[in-house]
Amino acid sequence: MRVSRLMLVTLRDDPAEAEIPSHKLLLRAGYIRRIGSGIYAYLPLLWRVLQKISAIVREELNAAGALETLLPQLQPAELWQRSGRWAGYTDGEGIMFHLEDRQGRELGLGPTHEEVITALASDLLRSYRQLPVNLYQIQTKFRDEIRPRFGLMRGREFIMKDAYSFHADEACLKQTYAAMDQAYRRIFSRCGLRAVAVEADSGAIGGSASQEFMVTADAGEDLILASTDGRYAANQERAVSLPAEAVPLPGGARSAGSGEALATPAQTSIEQLCEAHGFHPSQTVKVLLLLARFEDGCQQPLLVSLRGDQQLNEVKLANAVTARCSADHGTLLDIAPLSAEAATREGLSALPLGFMGPHLEDAVLSGAASWTPRFLRLADATATALEAFVCGANTTDTHLVGAGWGALCPAPDSLDLRAAQPGDRCQHDPRQQLEASRGIEVGHIFQLGRKYSSALEATFTNEAGQDEPLWMGCYGIGVSRLAQAAVEQHHDANGICWPTAIAPYELMLVIANAADAEQVALAERLYEQFGAAGVEVLLDDRSERAGVKFKDADLLGIPWRVVVGRGAATGMVELVERASGEKREIPAAEVQAALLERLLPERSGLVAA
RNA sequence: CGGGAUGUAGCGCAGCUUGGUAGCGCACUUCGUUCGGGACGAAGGGGCCGCAGGUUCGAAUCCUGUCAUCCCGACCA
1 MRVSRLMLVT LRDDPAEAEI PSHKLLLRAG YIRRIGSGIY AYLPLLWRVL
51 QKISAIVREE LNAAGALETL LPQLQPAELW QRSGRWAGYT DGEGIMFHLE
101 DRQGRELGLG PTHEEVITAL ASDLLRSYRQ LPVNLYQIQT KFRDEIRPRF
151 GLMRGREFIM KDAYSFHADE ACLKQTYAAM DQAYRRIFSR CGLRAVAVEA
201 DSGAIGGSAS QEFMVTADAG EDLILASTDG RYAANQERAV SLPAEAVPLP
251 GGARSAGSGE ALATPAQTSI EQLCEAHGFH PSQTVKVLLL LARFEDGCQQ
301 PLLVSLRGDQ QLNEVKLANA VTARCSADHG TLLDIAPLSA EAATREGLSA
351 LPLGFMGPHL EDAVLSGAAS WTPRFLRLAD ATATALEAFV CGANTTDTHL
401 VGAGWGALCP APDSLDLRAA QPGDRCQHDP RQQLEASRGI EVGHIFQLGR
451 KYSSALEATF TNEAGQDEPL WMGCYGIGVS RLAQAAVEQH HDANGICWPT
501 AIAPYELMLV IANAADAEQV ALAERLYEQF GAAGVEVLLD DRSERAGVKF
551 KDADLLGIPW RVVVGRGAAT GMVELVERAS GEKREIPAAE VQAALLERLL
601 PERSGLVAA
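Take the first sequence: its letter number 105 is residue 105 in the numbering used here, and every next letter is one higher.
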């Protein structure tokens, strides 16, 4: 391809709309254009990158025995109503674009395809003899994100590879899950990415085990906690750790009872309380008041106890609440802190906010206009493990010292609701600490179990002749996000440095002076030869000055460059590697062999980065 | 949705405080000189100043509303 025919428009200044390096560079180098918030046009150069990534994904998934397919993006509401996700995905903060057709039937634009694929599976998969099956597609997804961000990182329309597997039993599911884990590692490695696999929460998709693949980058939206020995890594929303030991309360367990009142005027926070009376935060129990809203309209007040020095992990809390309530009330829509104003609106008398203890009685909720008049009481293990502690007295300006579970009130079940923090000791080896880094989630694999197949009655007949729900797994890769993540990980002050395996072209052939007939003739000859040798070559034939072409070549990030310039008269050209900047003067007759020697191993993407 | 900010030429910005009918750099077109790291000179083209109301003799500028975009939180590939 000739640059003069490429519709290439590069920008000298960073566009004001972009914040992170990869987004700025993709815009500046002419790879993408914004059409609307979270909606981007993939220009010809980026489309080549996406095609290359897709090709790698196809090769690896096909090798793992998966079948490519293409499912509809327009999906009937009925399918989603049967799985129980229509309301959650369309009401309130739901992310599904939805519409009505001319008959008034509701449809959604697919944010994911569990429903469709499960319906197909129940139609087509009748016998254990057909299993296992693993289907995938590479396709545009639509999600009405609450906040689109950072170009392709979080778009409302984006390209995703999603795969779904079906099994006769859990062991077989685990086998495919492991195979996909391996395929994913190869895919990211071949794309030239440094990616780490971390334990993850399974979120709205549901199911049991799940693992995310993170491209490490400072601009990443997720916080990863990993042990220094590399044996444990998890997304912070999922991470577990050993909390610091609590500092025993002076007087200790002997005095533990219903506690002694202590005047604590206006000391509503743990910091103020500890500073005023010399307590250590780990000697206190803090009590959080929140409200959970469910699909069926139920509004359940939550009373959550944590040790004072710990932070609440909202994902763990949401999972605990879902486990206790969703059988009765459907999907959990959200959990939000309960404010004094909200309590007043409910017609309740003032709650002792800032001075609450775990023994706060349900009576304070009596007369609530729309809330369930009974707390769901939850406690983190760090709180229930305290023998004697300081907590609010449920009376303004008063705390209790030396209170203990049992005497004060029964201890709720011990749960893990705390957020693991960098510096915490690891569970697998207390000598190891957790370290934080940031990551971009480019892939996620789940063992779904039988959640969707049960809801949609997708069953098969087992060897014993009985019907049972299919076991399912699902596996996603954000293809367009991966392309940008690659730029985030591979760029320098001058522009992008694509890994060869996903670069839009492999070689940029630059004519330094397009007015010099000798240079043009030599470059044209080389262009022919490289093309014939199967090298993906871009010829910069524009009548720009050499400096402009060099700047653009750096910005575009094509991994190899051959410059035909003043050496052309004596048959010499220059071979340059973009990433390292390494340059060699070399006879034109030898340049193809020299390039191929380096290029061929890079194509597979499996060389050391 | 809550909090913050910005809308002026394709891109980056000034002008607004103190109203008088729009400017700079890059990009684009033509000509000349240049020609290995974003050249120089000359001449040009391109803007209902986001949109709608209002105040005023007169609004990019002041007021009201509205829309859009971006940033910080909940969502996720």
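It should be emphasised that the hints constitute simulated quantities derived from the structure, not laboratory data.
Fair warning: this is a prediction, and the values are worked out from it, not measured in the lab.
All residues carry an ideal CB built from backbone N, CA and C; glycine is no exception.
Just so you know, not all the hints are guaranteed correct.
[Unchecked claim] In silico DSSO-like pairs for lysine-lysine, Cα to Cα no more than 30 Å straight-line:
1. K583 with K24
2. K451 with K24
3. K551 with K174
4. K583 with K551
[Unchecked claim] For each label pair, taking beta carbons as the anchor points, the in silico distance ranges come out as:
5. T69 with E457: 15 to 23 Å
6. I95 with S208: 21 to 29 Å
7. P337 with A363: 51 to 59 Å
8. R149 with A521: 24 to 32 Å
9. A515 with A436: 52 to 60 Å
10. V520 with L70: 58 to 66 Å
Hint-by-hint comparison with the structure:
Using a Cα cut-off of 30 Å, the hinted pair K583 and K24 holds, with the two alpha carbons roughly 27 Å apart. Using a Cα cut-off of 30 Å, the hinted pair K451 and K24 is violated, with the two alpha carbons roughly 41 Å apart. Between K551 and K174, the direct Cα distance comes to roughly 50 Å. Violation of the 30 Å bound is thereby established for this hinted pair. Using a Cα cut-off of 30 Å, the hinted pair K583 and K551 holds, with the two alpha carbons roughly 16 Å apart.
Our hint of 15 to 23 Å for T69 and E457 holds, since their Cβ atoms are close to 22 Å apart. Distance hint check: the CB atoms of I95 and S208 are about 23 Å apart, consistent with the given range 21 to 29 Å. A hinted range of 51 to 59 Å is violated for the C-beta pair P337 and A363, which are about 22 Å apart. Roughly 49 Å separates the CB atoms of R149 and A521, a value that falls outside the hinted 24 to 32 Å.
Separation of A515 from A436 is about 55 Å and conforms to the stated range, judged on CB atoms against 52 to 60 Å. Under the hint 58 to 66 Å, the C-beta atoms of V520 and L70, about 45 Å apart, miss the expected range.
Violated hints for the displayed structure, listed by number in ascending order: 2, 3, 7, 8 and 10.
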